[in-house]
Amino acid sequence: AQSVTQLDSQVPVFEEAPVELRCNYSSSVSVYLFWYVQYPNQGLQLLLKYLSGSTLVKGINGFEAEFNKSQTSFHLRKPSVHISDTAEYFCAVILSGGSYIPTFGRGTSLIVHP
Amino acid sequence: GAGVSQSPRYKVAKRGQDVALRCDPISGHVSLFWYQQALGQGPEFLTYFQNEAQLDKSGLPSDRFFAERPEGSVSTLKIQRTQQEDSAVYLCASSQRTSLEETQYFGPGTRLLVL
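Line by line, the protein sequences are chains G and C.
To convert, note that position 11 of the first sequence is 11 in my numbering; the numbers rise steadily by one, no gaps.
Just so we're on the same page, my numbering is the position in the second sequence counted from 1, plus 1000.
In case anyone wonders, no lab produced these hints; they're calculated from the structure.
Note that CB positions come from ideal geometry on N, CA and C, so glycine has one too.
Be aware that one or more of the hints could be misleading.
Claimed, not checked - Selected chain G positions facing chain C (Cβ under 7 Å, derived; list incomplete):
1) V11
2) G43
3) L44
4) L48
5) Y50
6) S54
7) K58
8) F90
9) G97
10) Y100
11) I101
12) F104
13) G107
What the hints assert, rightly or not - Some chain C residues flagged as far from chain G (calculated, every beta-carbon gap over 10 Å):
14) S1007
15) Q1017
16) E1052
17) D1063
18) P1108
19) L1115
The whole structure should be built from the sequences, with the hints applied where relevant.
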């Protein structure tokens, strides 16, 4: 079975500072990786995904993530955050060759201070 | 166009009551997923439909949970004899097809509180 670990439950950061949200996974087979964002009282929205190819994936709102197979990580980064980036961020994994059911991490709350 | 909608947005139930949660997916979307999100946790898969067929219900926590999508569009998640541990946000998502290339679009969720 696969699992997803988001090491930080909360990440406070000042506006215009860079941020990294960490995600590690465990799986005995290849995986596909996703980051979602959830704004208050809204549903999840896909930020970016890694299916194959380049390990550096660019998503919406200036976010990017890098797949590191040797470290089983898929950390999310943004060079300069805005107040509007304050939200909950979820990492998710889908096993290759399996169903299309994602396993989500517990989430990281990004809090951007002015 | 309209996104995925869910109703009611909030539901308070007394323990033992039955509840029904509705999901209206994006028009034409074949795949529909239900998730349960407990407080402070990520979403957990409950069940999945392709059109009207329920292809996977392995995530339903007990036989008190039942989902249907009789005409391949609107779906209802029913919880019988609710318990306090059922308190959570129930999320619905739809996608055009069942494929990794297809994005799942999530509704805003129904927040269920069982007293």
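List, from low to high, the hint numbers that the structure doesn't satisfy. Checked against the structure, the hints that fail are numbers 1, 4, 5, 6, 7, 9 and 18, while the rest are satisfied.
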